[in-house]
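Asks: Line by line, the protein sequences are chains A and B.
Counted the way this note's numbering counts, the first sequence spans residues 2 to 202.
Counted the way this note's numbering counts, the second sequence spans residues 3 to 68.
It should be emphasised that the hints constitute simulated quantities derived from the structure, not laboratory data.
One or more hints might be untrue.
The following label-pair restraints were derived from C-beta to C-beta distances [to be verified]:
(1) B:C20 - A:P129: 15 to 23 Å
(2) B:V10 - A:W75: 40 to 48 Å
(3) A:E71 - B:Q24: 24 to 32 Å
(4) B:V22 - A:V11: 21 to 29 Å
(5) A:S141 - B:A14: 13 to 21 Å
(6) B:V10 - A:S7: 36 to 44 Å
(7) A:S7 - B:T32: 48 to 56 Å
(8) A:G79 - B:S5: 38 to 46 Å
(9) B:V10 - A:V11: 43 to 51 Å
(10) A:V53 - B:D7: 26 to 34 Å
Listed next, the stretches of chain A that the computed footprint assigns to chain B, with coverage defined by at least 3 CB atoms under 8 Å from CB atoms of chain B [stated by the list, open to error]:
(11) 9-16
(12) 48-58
(13) 73-82
(14) 89-101
(15) 158-171
(16) 180-189
All residues carry an ideal CB built from backbone N, CA and C; glycine is no exception.
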Amino acid sequence: MTESRSTAAVVRATMATVVHEPVVAIMLVAAFFDGISGNPIHALLLGGVAIVLGRDIALGEPNPPIPLVERGMWIPGGWTVAAFSAAFALVVGAFPRYSWPATVGVVAAAAAAIAVAWRGPLVVHADPGPLPRRGVVAWSTVLVAGALWELEALLLQPSLTLDSQQHPTISTLTDPVLSTHAGRTLIMLAWLLVGWFLMRQ
Amino acid sequence: MSSHDVTVLGYAVVVVACVVLQLLSLRPGTRIPGFTTLLRRVMRGRPGRVGVITAWAWLGLHFFAR
């Protein structure tokens, strides 16, 4: 951070970042809609990360993305992560969805992962370089179509907070599974392992 | 076919399309990158890396947290 920059300059640069950096803009829009859907904790997470990330980008990334393994950080092995994740999922999954204990556990895991991702990538990977336009368009089309299909189902509900069996969102479809301890444990374990996979990219 | 079935079919089509793209990425000389390659490209800088991990974090909150 450069101390010579005035607060107004930082605010202007942050606003410019929000406009030009799609990640920040997407997170702010998602935070807004999560907020008006009655999910203040989700909105705080998304909005908070968006604001700090926008400021971070505006100021310039303070250190190059050196993989954490090269900075001497201990990276647990796959089996250690799997065992810890299974224990975590078993304990936290015992609590009902949307209860405070489940909320605290999931928010703690999420915050820890974001904090680690902020510091840098976990491991070294060769930069794949620019990807073929055709491939990027193909993946983008499928992923955006999936997001729009989910959004369409959400907007066809009676309200943002009332589920519809006629137009179920993915959340609505998973409700029966997540109503049991075993289901919550399995889905939470899958969530944690996907997070570990993402952090190693 | 009910509205429910059409909606579920839509999700299934998206999943199948992802599987097809991933399979196409395995062919020699293909111009379709694999999903992992796509992720590594997106996550090579801090905004992409933090953005992807935040999206993952949000999913966990969405399913479990109040």
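Asks: Could you run down the list of hints and mark each one as holding or not?
Replies: Here is what the structure says about each hint:
1. B:C20 - A:P129: 15 to 23 Å: 19 Å, holds
2. B:V10 - A:W75: 40 to 48 Å: At roughly 44 Å between Cβ atoms, W75 (chain A) and V10 (chain B) fall inside 40 to 48 Å, so the hint holds.
3. A:E71 - B:Q24: 24 to 32 Å: With a Cβ separation near 30 Å, E71 (chain A) and Q24 (chain B) satisfy 24 to 32 Å, so the hint holds.
4. B:V22 - A:V11: 21 to 29 Å: 46 Å Cβ-Cβ, so the 21 to 29 Å window is violated.
5. A:S141 - B:A14: 13 to 21 Å: 20 Å, holds
6. B:V10 - A:S7: 36 to 44 Å: 54 Å, violated
7. A:S7 - B:T32: 48 to 56 Å: Holds: the Cβ-Cβ distance is about 51 Å, inside 48 to 56 Å.
8. A:G79 - B:S5: 38 to 46 Å: 42 Å, holds
9. B:V10 - A:V11: 43 to 51 Å: 47 Å, holds
10. A:V53 - B:D7: 26 to 34 Å: 43 Å, violated
11. 9-16: violated (count 0)
12. 48-58: holds (count 4)
13. 73-82: Per the Cβ count (0), the hint is violated.
14. 89-101: holds (count 5)
15. 158-171: Our answer is that it holds, as 5 residues pass the Cβ test (under 8 Å) against chain B, meeting three.
16. 180-189: Coverage by chain B holds for the region 180-189 of chain A (3 residues, Cβ < 8 Å).
In this structure, the earlier hints numbered 4, 6, 10, 11, 13 are contradicted, and the remaining ones agree with it.
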